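Asks: Chain by chain, the residues:
There are 2 protein chains.
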Amino acid sequence: MSLDIRINISGAKSSAVGPDHGVTPLDLKESARLIGSAHGVLAEDRKRKRHGFYDLYKDKATLTDVKRTAASFARFGFENLVVLGIGGSALGMTALVSALKPPYYNLLSREQRGGHPRIFVMDNVDPDTFSAMLKLCPPEKTLFNVISKSGGTAETLSQLLLVLDALESAVGKARVKNHLVITTGPSTGRKDPNPLLFVQRAYDAKAFVVPPNVGGRFSVFTPVGLFPAAMLGMDVDGLIAGCAAMDARCKHVSLAENPAYARAAIHYVGWNRLGKAISVMMPYSDALRDVADWYRQLWAESLGKQRILDGRAWSESGQTPVKALGVTDQHSQLQLYLEGPNDKLITIMDVKQFREPLPIPKVLPEMGGAEYLRGSTMAKLMNAECKATAGALREAGRPVISVSFPKVTAHTVAQMLYMLEVETAMAGRLFGVDAFDQPAVERIKVLTREFMGQKGE
Amino acid sequence: MSLDIRINISGAKSSAVGPDHGVTPLDLKESARLIGSAHGVLAEDRKRKRHGFYDLYKDKATLTDVKRTAASFARFGFENLVVLGIGGSALGMTALVSALKPPYYNLLSREQRGGHPRIFVMDNVDPDTFSAMLKLCPPEKTLFNVISKSGGTAETLSQLLLVLDALESAVGKARVKNHLVITTGPSTGRKDPNPLLFVQRAYDAKAFVVPPNVGGRFSVFTPVGLFPAAMLGMDVDGLIAGCAAMDARCKHVSLAENPAYARAAIHYVGWNRLGKAISVMMPYSDALRDVADWYRQLWAESLGKQRILDGRAWSESGQTPVKALGVTDQHSQLQLYLEGPNDKLITIMDVKQFREPLPIPKVLPEMGGAEYLRGSTMAKLMNAECKATAGALREAGRPVISVSFPKVTAHTVAQMLYMLEVETAMAGRLFGVDAFDQPAVERIKVLTREFMGQKGE
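Keeping their order, the protein sequence lines are chains U and R.
All the letters of the first sequence, read from the start, carry residue numbers 1 to 457 under our numbering.
All the letters of the second sequence, read from the start, carry residue numbers 1 to 457 under our numbering.
Source of the hints: derived by calculation from the structure; they are not laboratory data.
Treat the hints loosely; a few may be bogus.
For chains that are exact copies, the list does not tell them apart, and a pair is met inside one copy or across any two.
[Stated by the list, open to error] Simulated pairs of lysine to aspartate or glutamate, DMTMM-like, Cα-Cα distance not exceeding 25 Å:
1. Lys407 - Glu371
2. Lys173 - Glu79
3. Lys445 - Asp20
4. Lys407 - Glu395
5. Lys387 - Glu442
6. Lys177 - Glu366
7. Lys47 - Glu111
8. Lys135 - Glu111
9. Lys362 - Asp204
10. Lys13 - Glu79
Predicted model, so just to flag it, every value in this text is computed and none were measured.
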């Protein structure tokens, strides 16, 4: 069996859904031309290390450090790993956990978990959730990984103050370092205002560095994602190999060979000519549901930009990413997708082989209405529903891209994440925006401090 | 403190965000006129019992049955309650669980859970998830509540066959009825093809009835939602009282007094005149996150409709509902909401009082960058971020409706759900579609059976 994910764009072509909603050969030709020149720019940026995400998987020193650190903390036998982080500091590792650890992982016994800790990702400041976590995770049995590239993220800092207070009381100041790992940007010297660097020095704690040329939403293959992955016993080498495999495919400039560019082209035409304001990511697999959530940030924050065209006019660009889940959302969103406005470009992800097919037993043979289920498997039902949805969408003239996973493994999930990163970088060029900044959210930080009663800072 | 949720539409008015993106006094006047006549139609429908959801809270006999049944099953001391259901059979009760049970509920000890069972909602047919559930929930310690109004839902039936097989092996056929509660439509006689009625007879199991005039997405206050709620020890009387309180407000036809109609009017103008193709529901509360998910189905499936205008022309209507979570999604979606296309109408929900404010300790006083956090509370930070987001959206000219919860309780959550149901019924009239059907998804069922290899049925 091939280890490669397969991307099929035929359902998004005009031959499938007509020229008003599908990409025509002319569209593809024109996109290929734009992509040809943008590829050169991005390749140059990569060479100059302006965008570090492309080459993270080659950083063997960091990988070794991650593995060694994880092994050394594993000796303490922690019951819990708690990640303090939000946005890009949380979504990538959450996607990896959902994809690669068993369902209901935190409910399993230590033995069933392979001796690895439970995982709690604190990506909000809901006081009820946070205090519930503090009760569930006694500090002495817990490793806290605090993640913030700037070190100054309000949500993460407030969490950290609570955790440090609890840790100092429980284990004493000198032992805090046995329960704390910091992941943040590099130090620019002793006067660096990054609060996490202060914390690192105050407790002599281990710190991982997020490279300055890698933004939060592109950071899953830095220690931001890799260290929790290693602590939970995931196949980090498989992740790295998956990145390498996809990078090899993404070095081609041709849309036929480069799935990231093919997807970028279709999303660009969808946005630009076909009125597809929404990009839906719909995995038919519980394990992949948080890959869709990770994509939501990547796509929204990278492309949702105001662009000044001249002194007075501006354009607002960006597709709204939507996470859906097959088959669950067939009973929630599909009515809208089939009959509502044809304003969506839908990516359907399917999985060829689940861990267990789960045969449906031939119980109650006299009961009608279930003949087609008995003796089949739940995996087959999942795949039949996926095919049915793709078929019905095509019949209704709605464009669909299919992404097929031979299996959900570290290797295939990393391919998907890496592909979407390359796609997003290219889409930024096509949409004419900077895919790597997020200027608008600064205003929220200012207002939040104001409402917290802070005047001076 | 008032027990009422408060709805504030000022942020969606032209006085806040201008006439291109906000609702003008003229818009409101025109909507009020349309709503005035639609109100008469809906009131007549209600009186004729065409739409049963309005009066469910008055059904004392069902409530008594639900409570008595829950009490009788509680005596068995089940460790787990497993709901088999999808779409409207799962989303309402999931919203109630997230809102009203403590965070990480399934990780708590039996004592911490107040003696109530853990809860697993099986709303997908992912074989890996389902087999993990079967391992975690030994049949002899588990009560299964299978929910399907038609009784023929493929996903739910396939799950049920697996469960019945496991139950028969574990406890014997005669005792299956001690582990099974069926919730389905009423019987139309011995020849009713509803498979769940066959199962009910085969095991002599308890069955609750979903009234025929209540669709799945409007069924949370039938035994679909109420029985699991009662099994988990929720305040079902509070839910009923919350419905009654909101019904009293929704009997007014004036937009100033009826929050459901005010919201319907704004969403209608948003859709019709302001180009708001997307309706975002963004609670600043982990507890309310699945209320937003429940709303996704209600809004999408009710309004996402093709409408034949005459023999040849048709229009496609329906706003795409999007679930977001504050503050988490500030670090994921807000860049897009602030600078991307102004195609969204955003509802922000805030909670005045959390269970615990969670004071932020004054640890590490020498560390800079956190002065505004120390000595404050996490609840205050949550609320400051909520205000900051609403403020920034207004500055950016994006329309916002605010919904404020004094506290998250059975009473307030029920008000919210009931309000959204009334709003949706009215929106159906304004959008000119039947809010109570879902014709398009039938095609999926046909195709699924085809792909499962079923020819005859």
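Asks: For each hint, tell me whether it holds in the structure or not.
Replies: These are the hints, each one checked on the structure:
{"no.": "1", "hint": "Lys407 - Glu371", "result": "neither (28 Å within a copy, 49 Å between copies)"}
{"no.": "2", "hint": "Lys173 - Glu79", "result": "within (20 Å within a copy, 40 Å between copies)"}
{"no.": "3", "hint": "Lys445 - Asp20", "result": "neither (42 Å within a copy, 28 Å between copies)"}
{"no.": "4", "hint": "Lys407 - Glu395", "result": "neither (28 Å within a copy, 47 Å between copies)"}
{"no.": "5", "hint": "Lys387 - Glu442", "result": "between (43 Å within a copy, 15 Å between copies)"}
{"no.": "6", "hint": "Lys177 - Glu366", "result": "between (64 Å within a copy, 18 Å between copies)"}
{"no.": "7", "hint": "Lys47 - Glu111", "result": "neither (46 Å within a copy, 59 Å between copies)"}
{"no.": "8", "hint": "Lys135 - Glu111", "result": "both (22 Å within a copy, 14 Å between copies)"}
{"no.": "9", "hint": "Lys362 - Asp204", "result": "between (62 Å within a copy, 20 Å between copies)"}
{"no.": "10", "hint": "Lys13 - Glu79", "result": "neither (50 Å within a copy, 51 Å between copies)"}
Comparing the model with each earlier hint shows violations of hints 1, 3, 4, 7 and 10; every other hint is respected.
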